[in-house]
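Assemble the whole structure, with the sequences as input and the hints as a guide.
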Amino acid sequence: MTEKPIESVLAEVLAESPDLSQEPPLSTATSARRLHLYLVSDATGETLSSVAKAAMSQFPDVAALLHVTFMARTKTQIERALDMARESGGIILYTLVNAGLRQAMDEGALERHVPVINVLDPIIQNLATYLGVPARAMPGRQHVLDAEYFRRIEAMNFTLAHDDGQSSPGLFEADVILVGVSRTSKTPTAVYLANRGIKTANIPVVPNCPLPVELFEATGPLVVGLTTSADRLLQIRRHRMLVLGQSEQTDYVDVEAIERELTDARRLFVKHGWPVIDVSRRSIEETAAAILNLYYDRLNLM
1 MTEKPIESVL AEVLAESPDL SQEPPLSTAT SARRLHLYLV SDATGETLSS VAKAAMSQFP
61 DVAALLHVTF MARTKTQIER ALDMARESGG IILYTLVNAG LRQAMDEGAL ERHVPVINVL
121 DPIIQNLATY LGVPARAMPG RQHVLDAEYF RRIEAMNFTL AHDDGQSSPG LFEADVILVG
181 VSRTSKTPTA VYLANRGIKT ANIPVVPNCP LPVELFEATG PLVVGLTTSA DRLLQIRRHR
241 MLVLGQSEQT DYVDVEAIER ELTDARRLFV KHGWPVIDVS RRSIEETAAA ILNLYYDRLN
301 LM
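For the sequence shown, position 165 matches number 165 in my numbering, and the numbering has no gaps at all.
Any given hint could be a false lead.
[As the list claims (entries may be wrong)] In the SDA-like style, the derived pairs of lysine to any residue whose C-alpha atoms are separated by at most 25 Å in a straight line are:
1) LYS53 with LEU299
2) LYS271 with LEU215
3) LYS271 with PRO210
4) LYS53 with LEU222
5) LYS271 with GLU259
6) LYS75 with ASP278
7) LYS53 with ASN300
8) LYS271 with ARG183
9) LYS75 with ARG86
10) LYS53 with ASN126
11) LYS53 with ARG73
12) LYS271 with LEU299
13) LYS53 with GLU154
14) LYS271 with GLU217
15) LYS53 with ALA290
16) LYS53 with SER88
17) LYS53 with GLN125
18) LYS75 with LEU101
19) LYS53 with ASP164
20) LYS75 with LEU65
21) LYS271 with VAL213
22) LYS271 with ASP164
23) LYS53 with LEU65
24) LYS75 with GLN103
25) LYS75 with VAL97
26) LYS75 with ARG281
27) LYS75 with SER57
28) LYS75 with GLU148
29) LYS53 with TYR149
30) LYS271 with LEU301
31) LYS75 with VAL51
32) LYS53 with LEU66
[To be verified] Pair by pair, the computed Cβ-Cβ distance ranges are:
33) GLU285 with GLY220: 23 to 31 Å
34) ARG73 with SER168: 34 to 42 Å
35) TYR149 with THR263: 26 to 34 Å
36) GLU248 with GLU111: 25 to 33 Å
37) SER50 with GLY220: 34 to 42 Å
These are calculated hints, taken from the structure and not from any lab test. Cβ coordinates follow ideal geometry from the N, Cα and C atoms, glycine included.
What follows is the structure, given as structure tokens:
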């Protein structure tokens, strides 16, 4: 772990990296240089993303090619990020609360000669020294009325306007489109992504109801299929019927009908080559983190 400011470390890495002016740019920035920047967090990565953006804003002539690993839970994920950073000559910024993962990151970085920055430790340690009290491991975040804030507001407005298949003509403006049968966490996941500044629409797959043609014509958005297990979906739907005080004598809570729905939805996803995420045992945050990984990977290929 380095005690230098992030901007200083980034500057050193950029000074040592090759000039890539002859290669095609990988972002909208008209930059002659690019940097592979790996963000690794065992949480949602919000703080890390904000710090990375703030640091890179000091290098307007450099295009950052982002690779994210959020909700990291295993040493394998850490080692994969380290190997990728070594291959590309990039740098890793990380926030890891788990001691084992922190150790794996630091030791792996030394072995591979990969520059890594533990984003929060220098700040926390200096504050603890100044205040004379130990730091408590409590997550927190700050909000400022800047461009990022208004981007989130715009994303939230878009997402609410395009919930549950509404406003289909606007799908072309989406960053992400979530598709899945009823009760696969499409709406809460979309709202969570919107809070990260990602304009997200969601479309339900309903038996015998055609999907909007715009879904298949929109080439810009990342389309992700959400699925789950039949047992889990049956449990959720039965609970919903109970809350609404409605009868369960319907295909909506018939296990065979549910299995058909899920099978048809998976065939749809495969047919169109959409990535699929099983939400059976995932929290909303974990599902959103997986989608963000796909989203940034896709941006890097455009």
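We went through each hint and held it up to the structure:
A distance of roughly 16 Å separates the Cα atoms of LYS53 and LEU299; the hinted pair therefore holds under the 25 Å criterion. For the proposed pair LYS271 and LEU215, the alpha carbon gap of about 13 Å is at most 25 Å, so the pair holds. For the hint pairing LYS271 with PRO210, the CA-to-CA distance comes to about 16 Å; that is within 25 Å, so the pair holds. Using a Cα cut-off of 25 Å, the hinted pair LYS53 and LEU222 holds, with the two alpha carbons roughly 22 Å apart.
For the given pair, LYS271 sits about 18 Å from GLU259 by alpha-carbon distance, which is consistent with the 25 Å threshold. Between LYS75 and ASP278 the CA atoms are separated by roughly 22 Å; this keeps the pair inside 25 Å, and the hint holds. Of the supplied pair hints, the one linking LYS53 and ASN300 holds, its CA atoms being roughly 16 Å apart against a limit of 25 Å. Under the criterion of a C-alpha separation no larger than 25 Å, the hint pairing LYS271 with ARG183 is consistent with the structure, at around 22 Å.
Restraint check for LYS75 and ARG86: the C-alpha separation of about 16 Å stays at or below 25 Å, so the hint holds. Taken as a hint, the LYS53 and ASN126 pair is honoured in the structure, with Cα atoms around 23 Å apart against an allowance of 25 Å. Taking the CA atoms of LYS53 and ARG73, the gap is about 24 Å. The hint holds against a cut of 25 Å. The hinted pair formed by LYS271 and LEU299 meets the criterion: a straight-line CA distance of about 22 Å does not exceed 25 Å.
With a C-alpha separation of about 19 Å, the suggested pairing of LYS53 with GLU154 holds against the 25 Å cut-off. Restraint check for LYS271 and GLU217: satisfied, since their Cα atoms lie roughly 14 Å apart, inside the 25 Å limit. With a C-alpha separation of about 20 Å, the suggested pair LYS53 and ALA290 falls inside the 25 Å cut-off, and the hint holds. Restraint check: the Cα-Cα separation between LYS53 and SER88 comes to about 20 Å, which is no more than 25 Å; the hinted pair holds.
Restraint check for LYS53 and GLN125: the C-alpha separation of about 23 Å stays at or below 25 Å, so the hint holds. Annotation: proposed proximity of LYS75 to LEU101 holds, straight-line Cα distance about 6 Å (limit 25 Å). With a CA separation close to 32 Å, the supplied pair LYS53 and ASP164 exceeds the 25 Å bound. About 23 Å separates the Cα atoms of LYS75 and LEU65, which keeps this hinted pair within 25 Å; it holds.
At most 25 Å may separate the alpha-carbon atoms for a hinted pair to count; LYS271 and VAL213 meet this at roughly 15 Å. A threshold of 25 Å between alpha carbons decides the hint, and for LYS271 with ASP164 the separation of about 22 Å falls inside it, so the pair holds. Between LYS53 and LEU65 the alpha-carbon distance is near 12 Å, which keeps this suggested pair within the 25 Å criterion. As the CA atoms of LYS75 and GLN103 are separated by approximately 9 Å, the hinted pair is consistent with the 25 Å bound.
In summary, the hint linking LYS75 to VAL97 is supported, as the alpha carbons are separated by about 13 Å, within the 25 Å threshold. Restraint check: the Cα-Cα separation between LYS75 and ARG281 comes to about 20 Å, which is no more than 25 Å; the hinted pair holds. For the hint linking LYS75 to SER57, the alpha-carbon distance of about 31 Å lies beyond 25 Å, and the restraint is violated. Distance hint between LYS75 and GLU148 is unfulfilled; the C-alpha atoms sit about 32 Å from each other, more than 25 Å.
Distance hint between LYS53 and TYR149 is fulfilled; the C-alpha atoms sit about 13 Å from each other, no more than 25 Å. Note on LYS271 and LEU301: the hinted pairing holds, with a Cα-Cα distance of about 22 Å set against a maximum of 25 Å. Distance check on the hinted pair: LYS75 and VAL51 sit about 24 Å apart at the alpha-carbon level, within 25 Å; holds. A C-alpha spacing of about 10 Å is found between LYS53 and LEU66, which places the hinted pair at or below 25 Å, so the restraint holds.
The supplied range of 23 to 31 Å is met by GLU285 and GLY220, whose beta-carbon atoms lie about 26 Å from each other. Separated by about 37 Å at the C-beta atoms, ARG73 and SER168 satisfy the suggested range of 34 to 42 Å. The given range of 26 to 34 Å is broken by TYR149 and THR263, whose C-beta atoms sit roughly 43 Å from each other. Under the hint 25 to 33 Å, the C-beta atoms of GLU248 and GLU111, about 57 Å apart, miss the expected range.
With their beta carbons about 25 Å apart, SER50 and GLY220 fall outside the hinted range of 34 to 42 Å.
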